[in-house]
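J.: Sequence order for the protein chains is A and B.
Numbering of the first sequence is given in the working numbering, commencing with residue 1 and proceeding in unit increments.
Numbering of the second sequence is given in the working numbering, commencing with residue 1 and proceeding in unit increments.
Calculated directly from the structure, the hints in this document are not laboratory data.
Because the structure is a prediction, the values reported are computed rather than measured.
Hints should not be assumed to be uniformly reliable.
[Said to hold, decoys possible] Here are the computed lysine-lysine pairs in the DSSO-like style, where the Cα-Cα straight-line distance is at most 27 Å:
| # | chain 1 | residue 1 | chain 2 | residue 2 |
| --- | --- | --- | --- | --- |
| 1 | B | K100 | A | K13 |
| 2 | A | K16 | B | K95 |
| 3 | B | K184 | B | K100 |
| 4 | B | K252 | B | K236 |
| 5 | B | K95 | A | K13 |
[Claimed, not checked] Partial pick of chain B residues on the chain A-facing surface, computed with a CB cut under 7 Å:
| # | residue |
| --- | --- |
| 6 | T14 |
| 7 | T31 |
| 8 | T104 |
| 9 | A254 |
| 10 | N258 |
The C-beta atom is built at its ideal place from N, Cα and C for all residues, glycine as well.
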Amino acid sequence: MKQTSGTVIFTSKVVKYIFMIFFVFIAVGPIVWAFISSFKTYAEINSSALSWPSSFNLENYKAAFKFAPIAKYFLNSVIIVGCSVLVTVALVAMCSYIISRFEFKCKTLIILLISASLMLPAQAISQPLFAIFQKLGIFDTKLGLIIVYSAMGIPMSFFVMTSYYKTISTALEESAYIDGATFLQTFIHIILPLAKPGLVTIALLQFINTWNEFYFALMLTSGDTARTVPIALNYYMGTFANNYSALFAAVVMTVLPTILVFIILQRQVMESLTAGAVKG
Amino acid sequence: MKVKNKGFWIVLFTMPCMILFAIVYAAPIVTVIYTSLCDYTTFSGPEFSGLKNFMTIFGDAEFLTAIKNTLVWVVLQSTFHVSLGLVMALVLRRKPAGWKFVRTAYMIPNIIPTAATGVMFTLLLNPTFGVVKPFLETLGIEVLQVPNLFGNSKYAFWTVTLTWMLYSGFNTIIFLAEMGAIDKDIYEAARVDGAKPWQIDRYITLPLMRNIFGTCVTLASVAMVSQFDIIYMTTKGGPGSTTLNLPIYLYKAATLENNYGKANAVGAVQIIIGLVLVLFVQYLFREKGEKKEGR
Numbered sequence: 001m002k003q004t005s006g007t008v009i010f011t012s013k014v015v016k017y018i019f020m021i022f023f024v025f026i027a028v029g030p031i032v033w034a035f036i037s038s039f040k041t042y043a044e045i046n047s048s049a050l051s052w053p054s055s056f057n058l059e060n061y062k063a064a065f066k067f068a069p070i071a072k073y074f075l076n077s078v079i080i081v082g083c084s085v086l087v088t089v090a091l092v093a094m095c096s097y098i099i100s101r102f103e104f105k106c107k108t109l110i111i112l113l114i115s116a117s118l119m120l121p122a123q124a125i126s127q128p129l130f131a132i133f134q135k136l137g138i139f140d141t142k143l144g145l146i147i148v149y150s151a152m153g154i155p156m157s158f159f160v161m162t163s164y165y166k167t168i169s170t171a172l173e174e175s176a177y178i179d180g181a182t183f184l185q186t187f188i189h190i191i192l193p194l195a196k197p198g199l200v201t202i203a204l205l206q207f208i209n210t211w212n213e214f215y216f217a218l219m220l221t222s223g224d225t226a227r228t229v230p231i232a233l234n235y236y237m238g239t240f241a242n243n244y245s246a247l248f249a250a251v252v253m254t255v256l257p258t259i260l261v262f263i264i265l266q267r268q269v270m271e272s273l274t275a276g277a278v279k280g
Numbered sequence: 001m002k003v004k005n006k007g008f009w010i011v012l013f014t015m016p017c018m019i020l021f022a023i024v025y026a027a028p029i030v031t032v033i034y035t036s037l038c039d040y041t042t043f044s045g046p047e048f049s050g051l052k053n054f055m056t057i058f059g060d061a062e063f064l065t066a067i068k069n070t071l072v073w074v075v076l077q078s079t080f081h082v083s084l085g086l087v088m089a090l091v092l093r094r095k096p097a098g099w100k101f102v103r104t105a106y107m108i109p110n111i112i113p114t115a116a117t118g119v120m121f122t123l124l125l126n127p128t129f130g131v132v133k134p135f136l137e138t139l140g141i142e143v144l145q146v147p148n149l150f151g152n153s154k155y156a157f158w159t160v161t162l163t164w165m166l167y168s169g170f171n172t173i174i175f176l177a178e179m180g181a182i183d184k185d186i187y188e189a190a191r192v193d194g195a196k197p198w199q200i201d202r203y204i205t206l207p208l209m210r211n212i213f214g215t216c217v218t219l220a221s222v223a224m225v226s227q228f229d230i231i232y233m234t235t236k237g238g239p240g241s242t243t244l245n246l247p248i249y250l251y252k253a254a255t256l257e258n259n260y261g262k263a264n265a266v267g268a269v270q271i272i273i274g275l276v277l278v279l280f281v282q283y284l285f286r287e288k289g290e291k292k293e294g295r
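With these hints in hand, go ahead and build the complete structure from the sequences.
T.: Written out as structure tokens, the structure is:
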């Protein structure tokens, strides 16, 4: 009797580990494969998919840099994502504070509007945005993408932040007002420092979502001035249909920074994503 | 709370958010609904034409395929994909050796740009230099020609599906967070009463996951209604219309045909489908929750 239950526990353990190893393998396998292949020469890639590179060869990376201004795309991404994170965090910090603390006429309407846009498919509104942006003269500019990304980040950040503000006791604000502090003083000196963890959460959430954004970047840019990193890949796919060894290098360069940031900040990133999903 | 000039601050603090909202969401949505009822192309401005665009798209077999594919993906993703995340969370919940590594590694495909995922799979499954050929050779399967998994209409749909269906790390961390919030005393009590591990999962953990499962299903459905990046990078909806979905159909109408009226009619359908799905999922999960409370 004891022996059988021991075997059962052992088999279930083996099954569990096979399950985990399988999914880790399919998750990181393709990335590792692309990474190794990116050091192979064109001939090596063609002769065998599963061989090691004969030498540590950086030709593919040089080619990727030569054929497309990938450094410029990186800079574009940094500027666009950085600005949109700042704008979203600033706007949401203000708006959700009001929603979490005060009762007023249009409050329900604002909440309703924001929650409705949470589920809006990006493609559905892309043509009108394209038309509006052309009229405003911000099509194919960094400003255009910053505006779209900032707005796109509002819904989820809004709900995360509103529920965060609700966990902060109002006692401190009450006593600040009694001491004669103004609304703005109270907000800047008392609320914002207390809300820091919440703000970090929404900043990370916004960073991940906009760094990876592809569709609007595709629809709202046409030249190198505003193209972001994910769009660079589309460009490579088009131009390097035959020179795919450079494509390997391009993929690795797109994927690696995101993975590094994730591994360094993984606890915070996971918390942010969970908060975004649960509260949004 | 007593605040001087309360009304002024309310307006000042909510205004910037609302203005941005009006530009990026409100104005486009109104435009989508209006121009879906118009003749509208790159070269001619919108001119009212009634339901013509809707008649066109619903009379187009490709559009119906796009709706069908979108819905099949919604169903697969809200059932299999989300459940896979749940199973992984149940395995990792007991913190087996290496669980943190597994959690992080499994999360990576959900963190990298989806466009990159598309390119990576295009390379990985390439018939000439990808892993399909050595894989078949190892299994000892002789083929005259290595199948082009993205280019052959026999395999394309399922190949595209597998690029996202198995990667449920995002759901796993959501479930893990929810499981971490369960009161430890409940587990302790069950263990004292002699419940086996699978019984604990079946009768304690799983029922408590109902609401969050609903959240994951909602997110998965919405993601599938607007799934674009990977399909665009791998098959662009082809071969034929085997992997065509609503976003790709819309994109083609707007950029290749330059038919904005048609594209926006598709957009209106996409918005409605998304809305109906969200309400349906909420209804599905809320009703069961209330029934349980009433018991």
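J.: Checking hints one by one. Is B:N258 an interface residue toward chain A, by the C-beta closer than 7 Å rule?
T.: violated, 10 Å
J.: For B:K95 and A:K13, compute the direct alpha-carbon distance and say whether it is at most 27 Å.
T.: Holds: B:K95 and A:K13 sit about 12 Å apart, inside 27 Å.
J.: Is the interface hint satisfied for B:A254? The criterion is a beta-carbon contact with chain A at less than 7 Å.
T.: holds, 5 Å
J.: With 7 Å as the cut and Cβ atoms as the points, is B:T31 at the interface with chain A?
T.: Since chain A brings a Cβ to about 4 Å from B:T31, closer than 7 Å, the hint holds.
J.: Is the interface hint for B:T104 satisfied, with its Cβ closer than 7 Å to some Cβ of chain A?
T.: holds, 6 Å
J.: What's the verdict on B:K252 and B:K236, does the C-alpha distance respect the 27 Å limit or exceed it?
T.: Given that 27 Å is the threshold and the Cα spacing comes to 9 Å, the pair holds.
J.: Against the 27 Å threshold, does the CA-CA distance of B:K100 and A:K13 hold or violate the hint?
T.: Roughly 17 Å between the alpha carbons, so the hint for B:K100 and A:K13 holds.
J.: Is A:K16 within 27 Å of B:K95, Cα to Cα?
T.: Holds, at roughly 12 Å.
J.: Is B:K184 within 27 Å of B:K100, Cα to Cα?
T.: This hinted pair holds, its Cα atoms lying about 20 Å apart.
J.: Hint validation: B:T14 versus chain A, beta carbon distance must be below 7 Å. Holds or violated?
T.: holds, 5 Å
Violated hints amount to a single one, hint 10; each of the other numbered hints is respected by the structure.
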